[in-house]
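Engineer: Sequences are here, hints too, so could you generate the full structure?
Protein chains in written order, with this note's numbering: chain V, 1 to 289; chain Y, 1 to 573; chain X, 1 to 215.
Hints are not guaranteed to be accurate.
[Stated by the list, open to error] Pair ranges (Cβ atoms, derived):
1) D139(V) to I237(Y): 37 to 45 angstroms
2) I202(X) to E117(Y): 42 to 50 angstroms
3) F215(X) to E117(Y): 33 to 41 angstroms
4) I142(V) to Q242(Y): 46 to 54 angstroms
5) N76(V) to A241(Y): 38 to 46 angstroms
[Said to hold, decoys possible] Short, incomplete list of chain V residues facing chain X, as computed with Cβ under 10 angstroms:
6) D21
7) V99
8) G168
9) Q228
10) Q234
11) K241
Since the hints were derived computationally from the structure, they do not count as laboratory data.
All residues carry an ideal CB built from backbone N, CA and C; glycine is no exception.
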Amino acid sequence: MEISCKDPVILNQWHPVSSLDVLTMDTVENTILLESKISFQLNSKEEVTAWLSLDDEKTLLPTRISYGFIWVSLGNPPKDLFLFPEFSESDRQNVATGVFGVNVSAGRTVENFLDMGHFPYVHSGILGEEPHTEVKEYDVEISEERDEVLATSCKFYQPQAAVNSNEGMDVDYIYRVPHINCALLYKTSPVDDARLDVIIIFVQPMGEEWVRAHTGMCLIDDESTAEQIRQFQQTIFGQDKPILENQYPKQLPLDSRIETPIRADKSAIAYRRWLSQKGLQYGVIPSAI
Amino acid sequence: MLNDLKKIWHPIASSAEVQKRHVFHAQLLGREYAVWRADDGNVNVWENRCLHRGVRLTIGINEGTELRCQYHGWRYANRTAGCTYIPAHPADAPARTICNNTYPVKEAMGMVWSGEEAFAEPVHFKNFEKYTVLRPIPINGNFNIIREMLSAKYRLLGHTTRDEVNGVLKVILKNGEVILFFVQPQDSNLSVLRGVVNQKYSDSERVLFLRAQNRILQSLRNDIEVLSKKRQIDPMIVQIAQVSSELSKMPQKKDIGRQAVLRVQVAEKKKTAKDIVSIKLVSLRDQLPTFQPGAHIDLHLQNGLIRQYSLVNGPGETNFYNIGVKLDALSTGGSEYLHKDIREGDVLACSVPRNNFPLRRDSLKTIFVAGGIGLTPLLSMAQSLDVMNLNYEFHYFVQNEDHIAFSSILKKLKKTPLVHQGLSPKLTKKKLNEILLYHNNSMNLYVCGPGPMLETTRQVAAELDWPDNSVHFEYFKNSNVIDDSSSFKIELARSALSLKVQSGQSVLEVLRANGLDLPSSCEQGACGTCKVSVVDGAIDHQDVYLNESEKLKGNVMMTCVSRALSKRLILDI
Amino acid sequence: MIELYDYELSGNCYKIRLMLSFLKLDYVSKKVEFHPGKEHKSEKFLEINPLGQLPVLSDTNLVLRDAQAILVYLARKYDKKNIWCPIDDPEKLGLIAQWLSFGDLITGSSSAARLHDTLFYTEFDIGECRERAHAQFRILDEHLFFQEQLNQSWICDGEKPTIADIACFPYIALSEEGGISRMSYPAIRRWMDRFKRIDGFIVMPGVFPAGPRSF
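Structural biologist: Dropping the structure here:
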């Protein structure tokens, strides 16, 4: 069975294909990963199997269940997936907030997730509000030890940042990109300002310019219902989607001569550099060199 | 083939389609364009991609003078396509070289024309002084197929057809009227058929004519599309236009900008108040570079003097630079020369606009305090806040009514300026106390005016606990007497040079004498252009550009007037 | 009190939110989770609307389904100025009904394409949906072009927009989410700008705001 994608960097990754909560036991599900049709099935023992749909021999693909999602690889994936310890904290609510198809590359989707400057424009009244548009200086590193991009000390003005407040204030953010197509955002919890809520985006590349974006939240909040949390996150993602689909080129330019970064884009610059260092070719415009 | 097509002018829109406050979505030879008309009538043809993150500008907002990107609110000026504001960094003036890709544009025969490499004059079609533009018909088909079938269709209907240059089809209708047809190749399998007839009809006749032609063309389209479905051609390959290597990297905190001299002509000179003339300068050749509110230009006068003047222009007014010049009683030849000797039509040289007085647009409220001719940069700023519907208060201190300059612009401001006439220094201070009494940390104050008034304003603001970084000021000149008696050493950290500054020499002069070309403008410690970072050493600040806390920090200096208190300074150049 | 069974990302619900906003009416939004919860197919919701479709409006004793029907009801009941759905002119009323029905056809093509691309409704033939949407957009673009030639700004003749404009707007504005470009419909694009400048216009995720209302 031929797999059309030839880029080893992306083939050897674990890719999210579904959140567990939407699956029915022992039912075969179909999806697309890197242009290949794949099928998978969860059994009552919470074991998952996956295979290329058009493969008569049904050779099993590597699978795993982590962080509420099923992950599949079309190559030789690493033994471990990135760490996400908050997922297992007992007092948190883990909510898969929906999966959305977007006509854009995975890299553009992740990069938008790292971006704060668009809050007052794209998420006006929710995550930001004019004229509070400044992206203050923050720190970015590519951690070699953990092999991830980490942006810390990020701050952005948010109207109605806390549940019980009518006033806006600066909210603290930390961004992690521990996987080429997955990012986590840590944000001051409106309920407990000593702890951080986590918002996740795990992107499944169906093709170079077509993805499924799996979104979720991991909250310290026992008041909001799962429906409310999903509603909020769907609104946010629904606002990002038309921006993503209007980006040209759709693939993420690692070639620095295509776009103009500013200081606020430090994390995006680090992310692009990190992808370049890994030699990723799929869904990106490689740097010229 | 494709390269030849790039060199000719193609109609890409009807003029009527490029409506006020609309952004028209066009495509030519594979490349997408955002086409928008500014309120002054100018039509802009830009690549349909914000240079920042590639978002289509056709989803952006035409604000009449600037186009705003939906993603991060970047603003691009009419004509120049230069970025005038980056909201993520409100305290910085964007490098004026951040510029969207623009393409040639002409308007003729009721249509907007462009071409990626259309540098030659467009073909002129005779007898088209009167015209009516047909409804453009988008067709899923290749332009070559369309051309062939178009001619056949009209011949079949009994009209005469003739091929003109560049694939243009001329149809002579039975009644003698002539239609010219242009096929706009959007992509290999996508075109727009555009026609124009050499006749102007009454309203009712026009609709009938347009409907009749529309019917013919729609039936033609059906035939073409049936055929084209079977003959799909690979899409055109578009080279993504590159940004300059300078723009492709993350910028340093401040882009100083290079010096370049523009040739400008005095297009208008008129008195705007007692002892103040308004001068409008237009470019002799190229498009004038983008300016931001607060920017100034250096004017090189024919008598050899160089003087700085702030631009009064509102956003998107990019086809001229407007300055105000006050006749200085103690003029050493600058203002006197501009008042008495300069005439409309004269040619002068000037620098590109520099902005050392950038306007933050993230305040909940901005207070402007203008004194006399200090009005000019603040007027440009207020007009910019107006288009963004931001809140401000504009205070203008003048001697009396005769001294009110640029009253036509003042009248157009959305917030009526508060003019304070004939106040004594004591009453001015009292008034300033009232103006500045209430403040919070999302307010900013911009002051420009004569030295003593500026001093008073800064003093009042400080007494009322305005934070230093919320008080922004610009002096016209440094009236301090410069003490250049000291001598000291400077070491250049990045160039590994060690130089000596003797008494009577400025740091700037020594640097220049040693081959380091540092930008400068006023050369008297007022404008901020020659600012450099200081790594080590105690600075003897003699400028009026930096505020007290910046001076105390001691990490930047104005090389034109400031010196060393210590034996040496280490500069970050 | 008016209650709207509502889903934020639904263009059909957006039609009603627009009407309520244009008429400056207060209402309670009762959220129905279309995705991923499929609450519109739940037994509880099927009791309200056996078709399992959003939106549904309830107002005192009336429970009304179908976006177009709700537009007619709200306009007739609450539009004191008789602008959005005038009934004194039979010709105009007929035309409004014609375009309301056209709005529903657009839902059938453009909304289906969007559900396919965004929420993986793979049972739709995406190519066929897009083709149908393009054919409909062509008809509307031609209509709007000639409306402009007659100095008319809206789908139906008259100074002011009608519920026909509301019924057509959402799934045209969301068409790109189903891979349907609007580049070839310049008259539609201009009409959308005008629509976005109507006093009381609101956005939904996927629809961008226009510039200032007056200039």
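Engineer: A separate judgement is required for each hint: does it hold in the structure or not?
Structural biologist: How the hints compare with the structure:
1. D139(V) to I237(Y): 37 to 45 angstroms: 41 angstroms, holds
2. I202(X) to E117(Y): 42 to 50 angstroms: Hint holds: Cβ distance 44 angstroms, inside 42 to 50 angstroms.
3. F215(X) to E117(Y): 33 to 41 angstroms: 35 angstroms, holds
4. I142(V) to Q242(Y): 46 to 54 angstroms: 26 angstroms, violated
5. N76(V) to A241(Y): 38 to 46 angstroms: 40 angstroms, holds
6. D21: 8 angstroms, holds
7. V99: 7 angstroms, holds
8. G168: G168(V) check fails; min Cβ-Cβ to chain X is 20 angstroms, beyond 10 angstroms.
9. Q228: 8 angstroms, holds
10. Q234: 6 angstroms, holds
11. K241: 6 angstroms, holds
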